[in-house]
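Colleague: Residue numbers for the sequence shown, in full-length UniProt numbering: 1 to 253.
Hints in this document: simulated from the structure, not taken from any laboratory.
Treat the hints with caution; some may be incorrect.
Below, in silico cross-link-like pairs of lysine-lysine (DSBU-like), each with a Cα-Cα straight-line distance of 30 Å or less [as the list claims (entries may be wrong)]:
{"no.": "1", "residue 1": "Lys77", "residue 2": "Lys212"}
{"no.": "2", "residue 1": "Lys189", "residue 2": "Lys65"}
{"no.": "3", "residue 1": "Lys147", "residue 2": "Lys47"}
{"no.": "4", "residue 1": "Lys3", "residue 2": "Lys95"}
{"no.": "5", "residue 1": "Lys43", "residue 2": "Lys128"}
{"no.": "6", "residue 1": "Lys250", "residue 2": "Lys48"}
{"no.": "7", "residue 1": "Lys47", "residue 2": "Lys34"}
{"no.": "8", "residue 1": "Lys65", "residue 2": "Lys147"}
{"no.": "9", "residue 1": "Lys189", "residue 2": "Lys147"}
{"no.": "10", "residue 1": "Lys43", "residue 2": "Lys147"}
{"no.": "11", "residue 1": "Lys65", "residue 2": "Lys128"}
{"no.": "12", "residue 1": "Lys22", "residue 2": "Lys189"}
{"no.": "13", "residue 1": "Lys22", "residue 2": "Lys72"}
{"no.": "14", "residue 1": "Lys81", "residue 2": "Lys189"}
{"no.": "15", "residue 1": "Lys74", "residue 2": "Lys253"}
{"no.": "16", "residue 1": "Lys213", "residue 2": "Lys95"}
{"no.": "17", "residue 1": "Lys77", "residue 2": "Lys189"}
{"no.": "18", "residue 1": "Lys3", "residue 2": "Lys224"}
{"no.": "19", "residue 1": "Lys213", "residue 2": "Lys74"}
{"no.": "20", "residue 1": "Lys22", "residue 2": "Lys35"}
{"no.": "21", "residue 1": "Lys65", "residue 2": "Lys253"}
{"no.": "22", "residue 1": "Lys72", "residue 2": "Lys250"}
{"no.": "23", "residue 1": "Lys189", "residue 2": "Lys213"}
{"no.": "24", "residue 1": "Lys34", "residue 2": "Lys147"}
{"no.": "25", "residue 1": "Lys250", "residue 2": "Lys65"}
{"no.": "26", "residue 1": "Lys65", "residue 2": "Lys110"}
{"no.": "27", "residue 1": "Lys147", "residue 2": "Lys81"}
{"no.": "28", "residue 1": "Lys147", "residue 2": "Lys48"}
{"no.": "29", "residue 1": "Lys110", "residue 2": "Lys213"}
{"no.": "30", "residue 1": "Lys250", "residue 2": "Lys74"}
{"no.": "31", "residue 1": "Lys81", "residue 2": "Lys253"}
{"no.": "32", "residue 1": "Lys81", "residue 2": "Lys3"}
{"no.": "33", "residue 1": "Lys77", "residue 2": "Lys35"}
{"no.": "34", "residue 1": "Lys224", "residue 2": "Lys110"}
{"no.": "35", "residue 1": "Lys22", "residue 2": "Lys213"}
Here are the simulated distance ranges between beta carbons [to be verified]:
{"no.": "36", "residue 1": "Ile233", "residue 2": "Val97", "range": "30 to 38 Å"}
{"no.": "37", "residue 1": "Ile124", "residue 2": "Glu230", "range": "17 to 25 Å"}
{"no.": "38", "residue 1": "Ile124", "residue 2": "Asp104", "range": "14 to 22 Å"}
{"no.": "39", "residue 1": "Ser111", "residue 2": "Val177", "range": "24 to 32 Å"}
{"no.": "40", "residue 1": "Lys48", "residue 2": "Pro231", "range": "37 to 45 Å"}
Note that beta-carbon positions come from the ideal geometry of N, C-alpha and C, so glycine has one too.
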Amino acid sequence: MIKVLLLCGNSQSSRIVYNSLKDVFLFELVIIEKKPSSKLMIKRRIKKLGFLRTFGQVCFIFFNKLLSNIDKGKIVKLLDKYQLSDEYFPNANIKNVSSINEPDVVALIKSVAPDVIIVNGTRIISNKLINSVGVPMINTHMGITPKYRGVHGGYWALANDDTQNCGVTVHLVDEGVDTGGVLYQDTIKPSSEDTFNTYPLHQIAAAIPLIKKAIVDIYNRDVKTQPGIEPSILWYHPTLYQYFYNRMIKGVK
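When you get a sec, could you build the whole thing from the sequences and use the hints?
Modeller: Following this line, the structure appears as structure tokens:
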């Protein structure tokens, strides 16, 4: 079996990726990164985007916790529809780390010598780590790159009335933010019942077969990148105002 290592955060999408692939590939190790400090992330965001915009984003994040509780039933139905499991990494060899960029992570990766590294839901991986492990890394991005880099690419495509680019990308990892070479892309078609919290389930379901193809391509040394969709734009969380505007005016939930 092809040997795979998963670098991830402890998110639902990471667990879905693992459970969807564990019977196809040999997962030598799952390295789980601790969630970065919220206070530190907010400070960095304020420095980059300003206080008002960051405050609006934080307000939306708290509001979305309420929305996610409302959407629980829809989420369960989609997991069943796509036969996806978000069970906690059953039977996995797990190593928890504070940061994916810790020096010890390189040694961990080299100790298991995987054929492919899957990245999901981590902070930006340092160029030093990428160049040190000598193993191709692939990432699943919830958006069509490079047009919808950053976060919530599917949501922003819908909010921009760009439905033809509401989808998912599997790409090689480089030191940029979702800037690596595109391996595969696919689109989704959400229904009027879908929301901010259900778009990602359609996306991860579409991504699973693409991840499988990318892993096999890498193992067979048959990797071919393709042009992404331009222009290249980096997206962030919506502010609470943006969310309500898109919901009330554009019908994007």
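Colleague: For each hint, tell me whether it holds in the structure or not.
Modeller: Consistency of the hints with the structure:
1. Under the criterion of a C-alpha separation no larger than 30 Å, the hint pairing Lys77 with Lys212 is consistent with the structure, at around 24 Å.
2. A hinted pair counts as satisfied when its Cα atoms are at most 30 Å apart, and Lys189 with Lys65 qualifies at roughly 24 Å.
3. At roughly 24 Å between alpha-carbon atoms, Lys147 and Lys47 fall within 30 Å of each other, so this suggested pair holds.
4. In summary, the hint linking Lys3 to Lys95 is supported, as the alpha carbons are separated by about 17 Å, within the 30 Å threshold.
5. Between Lys43 and Lys128 the alpha-carbon distance is near 25 Å, which keeps this suggested pair within the 30 Å criterion.
6. Taken as a hint, the Lys250 and Lys48 pair is honoured in the structure, with Cα atoms around 28 Å apart against an allowance of 30 Å.
7. Taking the CA atoms of Lys47 and Lys34, the gap is near 23 Å; set against the 30 Å cutoff, the hint holds.
8. For the suggested pair Lys65 and Lys147, the alpha carbons sit about 27 Å apart, so the restraint of at most 30 Å is met.
9. For the suggested pair Lys189 and Lys147, the alpha carbons sit about 18 Å apart, so the restraint of at most 30 Å is met.
10. Of the supplied pair hints, the one linking Lys43 and Lys147 holds, its CA atoms being roughly 26 Å apart against a limit of 30 Å.
11. Distance hint between Lys65 and Lys128 is unfulfilled; the C-alpha atoms sit about 35 Å from each other, more than 30 Å.
12. Distance hint between Lys22 and Lys189 is fulfilled; the C-alpha atoms sit about 27 Å from each other, no more than 30 Å.
13. Straight-line distance between C-alpha atoms of Lys22 and Lys72 comes to about 25 Å, which keeps the hinted pair within the 30 Å bound.
14. Restraint check for Lys81 and Lys189: the C-alpha separation of about 15 Å stays at or below 30 Å, so the hint holds.
15. Of the supplied pair hints, the one linking Lys74 and Lys253 holds, its CA atoms being roughly 13 Å apart against a limit of 30 Å.
16. Pair hint Lys213 plus Lys95 holds up; C-alpha atoms about 26 Å apart against a cutoff of 30 Å.
17. Note on Lys77 and Lys189: the hinted pairing holds, with a Cα-Cα distance of about 16 Å set against a maximum of 30 Å.
18. Taken as a hint, the Lys3 and Lys224 pair is honoured in the structure, with Cα atoms around 21 Å apart against an allowance of 30 Å.
19. Under the criterion of a C-alpha separation no larger than 30 Å, the hint pairing Lys213 with Lys74 is consistent with the structure, at around 29 Å.
20. For the given pair, Lys22 sits about 24 Å from Lys35 by alpha-carbon distance, which is consistent with the 30 Å threshold.
21. This hinted pair checks out: Lys65 and Lys253 have alpha carbons roughly 14 Å apart, not beyond 30 Å.
22. Restraint check for Lys72 and Lys250: the C-alpha separation of about 23 Å stays at or below 30 Å, so the hint holds.
23. This hinted pair checks out: Lys189 and Lys213 have alpha carbons roughly 22 Å apart, not beyond 30 Å.
24. Between Lys34 and Lys147 the alpha-carbon distance is near 29 Å, which keeps this suggested pair within the 30 Å criterion.
25. Annotation: proposed proximity of Lys250 to Lys65 holds, straight-line Cα distance about 22 Å (limit 30 Å).
26. Under the criterion of a C-alpha separation no larger than 30 Å, the hint pairing Lys65 with Lys110 is inconsistent with the structure, at around 39 Å.
27. Straight-line distance between C-alpha atoms of Lys147 and Lys81 comes to about 29 Å, which keeps the hinted pair within the 30 Å bound.
28. This hinted pair checks out: Lys147 and Lys48 have alpha carbons roughly 20 Å apart, not beyond 30 Å.
29. About 24 Å separates the Cα atoms of Lys110 and Lys213, which keeps this hinted pair within 30 Å; it holds.
30. Our distance criterion of 30 Å between C-alpha atoms is met by Lys250 and Lys74, whose separation comes to about 21 Å.
31. Between the alpha carbons of Lys81 and Lys253 the distance comes to roughly 21 Å, so the proposed pair stays at or under 30 Å and holds.
32. The hinted pair formed by Lys81 and Lys3 meets the criterion: a straight-line CA distance of about 29 Å does not exceed 30 Å.
33. Of the supplied pair hints, the one linking Lys77 and Lys35 holds, its CA atoms being roughly 27 Å apart against a limit of 30 Å.
34. As the CA atoms of Lys224 and Lys110 are separated by approximately 25 Å, the hinted pair is consistent with the 30 Å bound.
35. Simply put, Lys22 and Lys213 have alpha-carbon atoms about 15 Å apart, close enough for the 30 Å limit, and the pair holds.
36. At about 31 Å, the beta-carbon gap between Ile233 and Val97 stays in the expected band of 30 to 38 Å.
37. Checked against the given bound of 17 to 25 Å, the beta carbons of Ile124 and Glu230, roughly 22 Å apart, stay inside it.
38. At about 18 Å, the beta-carbon gap between Ile124 and Asp104 stays in the expected band of 14 to 22 Å.
39. Taking the beta carbon of each, Ser111 and Val177 are about 29 Å apart, inside 24 to 32 Å as hinted.
40. Against the hinted window of 37 to 45 Å, the Cβ-Cβ separation of Lys48 and Pro231 comes to about 20 Å, which falls outside the hint.
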